[in-house]
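> The residues making up each chain are set out below.
Protein chains: 2
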Amino acid sequence: MPTIVVEVMPKAELLDPQGKAVAGALARLGNNDITGVRVGKRFELTTAGPVDDATLEAVRGIAVDLLSNSVIEDVIGVSVDGEPVAL
Amino acid sequence: MPTIVVEVMPKAELLDPQGKAVAGALARLGNNDITGVRVGKRFELTTAGPVDDATLEAVRGIAVDLLSNSVIEDVIGVSVDGEPVAL
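First to last, the protein sequences are chains A and B. Just so you know, our numbering puts 84 at position 84 of the first sequence, and the rest follows in order with no gaps. Just so you know, our numbering puts 59 at position 59 of the second sequence, and the rest follows in order with no gaps.
Honestly, I wouldn't trust all of these hints.
Identical chains share a label here; the pair holds if one copy fits it or two copies do between them.
As the list claims (entries may be wrong) - Capping the alpha-carbon separation at 25 Å, the derived lysine to aspartate or glutamate pairs in DMTMM-like fashion look like this:
#, residue 1, residue 2
1, Lys11, Asp33
2, Lys20, Asp81
3, Lys20, Glu57
4, Lys11, Glu57
5, Lys41, Asp81
6, Lys11, Glu83
7, Lys20, Asp74
8, Lys11, Asp53
No wet-lab data here; the hints were simulated from the structure.
Same shape as in the complex, but just chain A (with noise of 0.2 Å):
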């Protein structure tokens, strides 16, 4: 069954309190090496059958209108087993 991978970040220009969280966490731990982190999301999308041109079709309309939320987020990228496809 293929897979398809649906890669979902927070905006660049936006704040991102759940990274920063992190990101402050590794500092009290001591870690320096780290001076930034985003936190965003990794959908994997199981097909029944073989991933044509309108099951691509149907998963870029599901990201952008389910899985990520346009204000926020951005869809970042989409792979069918590791191959990325257009957006």
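Please build the complex by placing chain B on the supplied structure of chain A, with the hints as guidance.
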């Protein structure tokens, strides 16, 4: 500045309620291509300097100890500027 990406997913053998909810929403919206959804996390770590072996070793530790809950999640990938590195 190099970007290190850490990908964390719920363990395959565990139920992922968030993914189940997304899959249910997709089915209700009329999409029947997607049969399963799992939701994980994607961390982008920014470093000030170049990424050397010591940095990678630190990141591996961070990924397992701080960025994931090893009871329910697996670190499935670490990459530096798009190049996968060994876990």
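> If a hint holds in the structure, say so; if it doesn't, say that too.
Against the structure, the hints come out as follows:
no., hint, verdict
1, Lys11 - Asp33, "within (23 Å within a copy, 29 Å between copies)"
2, Lys20 - Asp81, "between (32 Å within a copy, 21 Å between copies)"
3, Lys20 - Glu57, "between (34 Å within a copy, 22 Å between copies)"
4, Lys11 - Glu57, "within (23 Å within a copy, 29 Å between copies)"
5, Lys41 - Asp81, "both (17 Å within a copy, 18 Å between copies)"
6, Lys11 - Glu83, "both (23 Å within a copy, 23 Å between copies)"
7, Lys20 - Asp74, "both (18 Å within a copy, 22 Å between copies)"
8, Lys11 - Asp53, "neither (27 Å within a copy, 30 Å between copies)"
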